[in-house]
Amino acid sequence: MTLVSVENLSVRYGANTVLRHVDMVVEPGEIVTIVGPNGSGKTSLLRAIIGATKPSVGQVALKPGLKIGYVPQKLHVDPTLPISVERFMRLTDRVSRRQCVEALETAGVPDLLKRQMSQLSGGQFQRVLLARALINQPDVLLLDEATQGLDQRGSAGFYQQIEAVRRETGCAILMISHELHVVMSASDRVICLNGHVCCEGSPAVVASAPEYRALFGTGTGGALALYRHEHDHHHDHDHDVNPKEAAE
Amino acid sequence: MLDDFMTRATLAGIGVAFAAAPLGCFVVWRRMAYFGDATAHAAILGVALSLTFQMSIFTGALAVALIMALTVTLLAGRGYAMDTLLGVMAHSALAFGLVAVSFLSGVRIDLMAYLFGDILAVSRSDLVVIWGGAVLVVALIAWRWSQLLTATLNEELAYASGFDPKREQLVLTLSLAVTVAVAIKVVGVLLIAAMLIIPAAAARNLARSPESMALIAAGIGTFSAIAGLRAAYVFDTPAGPSIVCVAAVLFACFSLVGWRTQGRA
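Which chain is which? The protein sequence lines are A and B, in order.
So the first sequence is numbered by the working numbering: it starts at 32 and just counts up by one.
So the second sequence is numbered by the working numbering: it starts at -13 and just counts up by one.
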């Protein structure tokens, strides 16, 4: 059964429409990556799914009883707030210490339970966020640019961890990412977003789609093109080729 | 026992310290210090209105503090930066309050009593109001503790966990208004923010968890109230400011201790 189903979703902040007629689904066990330039509505889409932003048109349907594990883009722990990893992980869910330890092991950081959150390195911090999201055995994990602030090795390791989590727990993963070269190989499906869904399909299909190239350029495989793209390209042309169908 | 004015003053100070401790922690964690100050300053307008319409000071101050806090929360992020907005609202409310008080003819009002508190004049009924408010605030914050902490850390995390962080913000806003209203008599509108922030900030140096920080802040607040009143009695100094002075000295001591232990580690 489909876990998350977004139908004809539009999101508007005042006069500014950030998402137009977006349709997408997340099926059990798959890794879906949303890519798109800054201001393309990636975070708004994720916020709409968790109910933080109200759609102006359309709807978000979640499977009844769906358990969501959410890994935020960045979490600022004010230096004045003393909180240990264990306390942080037990904040919203009624879980045992053993479940905390198991979740930390799954996230690849088994020994951090007693540490203060403010003492963690960037990589440890993101893994603790991942562990917290995993603690209730979610059906779907949502990650909002979870590797921001990590170096290339750190984020590669983080994505390997995500794949391992999917293997071990079987939960579906919906993530937003900038790091196209890493993401592309790890995902089952890629959705290229720029206010609307530009194209969608397997990593290889999306990488060669004209809509994707228009956004991210060619040659670098998308890895570096991100920082050079045009922000306001237009999609006046018809999408006469659906890359997803073309692949099948 | 309650016949002694010093006993009543001490109990009033402890009541305010208890309400201010957990709330003050959130004020510090969420960087709302100026927000607390603004709400407190606005309360003087509430005092003026209470005297005009012959209501209880508590009701008037609570109403204006609440309106002030809600207005700022609503307007935040719509054009002006938060601190500009607070600066405009807080000082306007204070100025209008002071002007309004001057219009009250026939009644001689000791403005100082509302600006700096008049803890030695706390009556039995004042005590009931102060402790009623303190229990309400502590109960409210204890009830929403985990949700408040989550919302403080990350808004989206709160939504994903199934609750609305804006509602939690409202809990803090309401608690702040109640605390301001009950603390006017004890430390006055100009020093309420000090009772919120100083004990919590001092406690940070000793605490290892959010809960212990709130408890230590309550301890520091209580000690400040007792020692401050004692000092005011011995040296014949104003009571409210003396309490804040003790808290400030404790803050300096604990910061030094915290700084030294951090330096060694």
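Because the hints were derived from the structure by calculation, they are not lab data.
Even for Gly, the Cβ is constructed at its ideal location relative to N, Cα and C.
There may be inaccurate statements among the hints.
Under the rule of at most 35 Å between Cα atoms (straight-line distance), these lysine-lysine pairs were calculated in the DSBU-like manner [what the hints assert, rightly or not]:
| id | chain 1 | residue 1 | chain 2 | residue 2 |
| --- | --- | --- | --- | --- |
| 1 | B | K152 | A | K105 |
| 2 | A | K105 | A | K85 |
| 3 | B | K152 | A | K85 |
| 4 | A | K145 | B | K152 |
| 5 | A | K94 | A | K105 |
| 6 | A | K98 | B | K152 |
| 7 | A | K98 | A | K85 |
| 8 | B | K152 | A | K94 |
| 9 | A | K98 | A | K145 |
| 10 | A | K85 | A | K145 |
For the chain A half of the interface with chain B, some residues (derived, Cβ under 8 Å), not all of them [stated by the list, open to error]:
| id | residue |
| --- | --- |
| 11 | Y44 |
| 12 | I81 |
| 13 | G82 |
| 14 | L97 |
| 15 | I99 |
| 16 | P103 |
| 17 | T123 |
| 18 | V132 |
| 19 | E133 |
Hint by hint, here is what the structure shows:
1. The suggested pairing of B/K152 with A/K105 holds, with an alpha-carbon distance near 19 Å, which does not exceed 35 Å.
2. At most 35 Å may separate the alpha-carbon atoms for a hinted pair to count; A/K105 and A/K85 meet this at roughly 22 Å.
3. Restraint check: the Cα-Cα separation between B/K152 and A/K85 comes to about 14 Å, which is no more than 35 Å; the hinted pair holds.
4. Restraint check for A/K145 and B/K152: the C-alpha separation of about 31 Å stays at or below 35 Å, so the hint holds.
5. At most 35 Å may separate the alpha-carbon atoms for a hinted pair to count; A/K94 and A/K105 meet this at roughly 27 Å.
6. Between A/K98 and B/K152 the CA atoms are separated by roughly 22 Å; this keeps the pair inside 35 Å, and the hint holds.
7. Our distance criterion of 35 Å between C-alpha atoms is met by A/K98 and A/K85, whose separation comes to about 20 Å.
8. Simply put, B/K152 and A/K94 have alpha-carbon atoms about 25 Å apart, close enough for the 35 Å limit, and the pair holds.
9. Among the hinted pairs, A/K98 with A/K145 is consistent with the structure: their alpha-carbon atoms are about 27 Å apart, no more than 35 Å.
10. For the hint linking A/K85 to A/K145, the alpha-carbon distance of about 38 Å lies beyond 35 Å, and the restraint is violated.
11. Interface restraint check: A/Y44 against chain B, minimum CB-CB distance 11 Å, threshold 8 Å, status violated.
12. With a least beta-carbon distance of about 4 Å to chain B, the hint placing A/I81 at the interface is held under the 8 Å criterion.
13. At a threshold of 8 Å, the smallest CB-CB gap from A/G82 to chain B is about 5 Å, leaving the interface hint in force.
14. The beta carbon of A/L97 comes no nearer than 11 Å to any beta carbon in chain B, farther than 8 Å, and the hint placing it at the interface is violated.
15. Checking A/I99 against chain B: minimum C-beta separation of about 6 Å stays under 8 Å; hint holds.
16. Proximity of A/P103 to chain B holds as hinted, the smallest CB-CB distance being about 5 Å (cut-off 8 Å).
17. A cut of 8 Å between beta carbons decides the hint on A/T123: the least distance to chain B is about 4 Å, and the hint holds.
18. With its C-beta approaching chain B no nearer than about 18 Å, A/V132 sits outside the 8 Å limit, and its interface hint is violated.
19. Using the Cβ-Cβ criterion of 8 Å, the hint placing A/E133 at the interface with chain B is not satisfied: the shortest such distance is roughly 20 Å.
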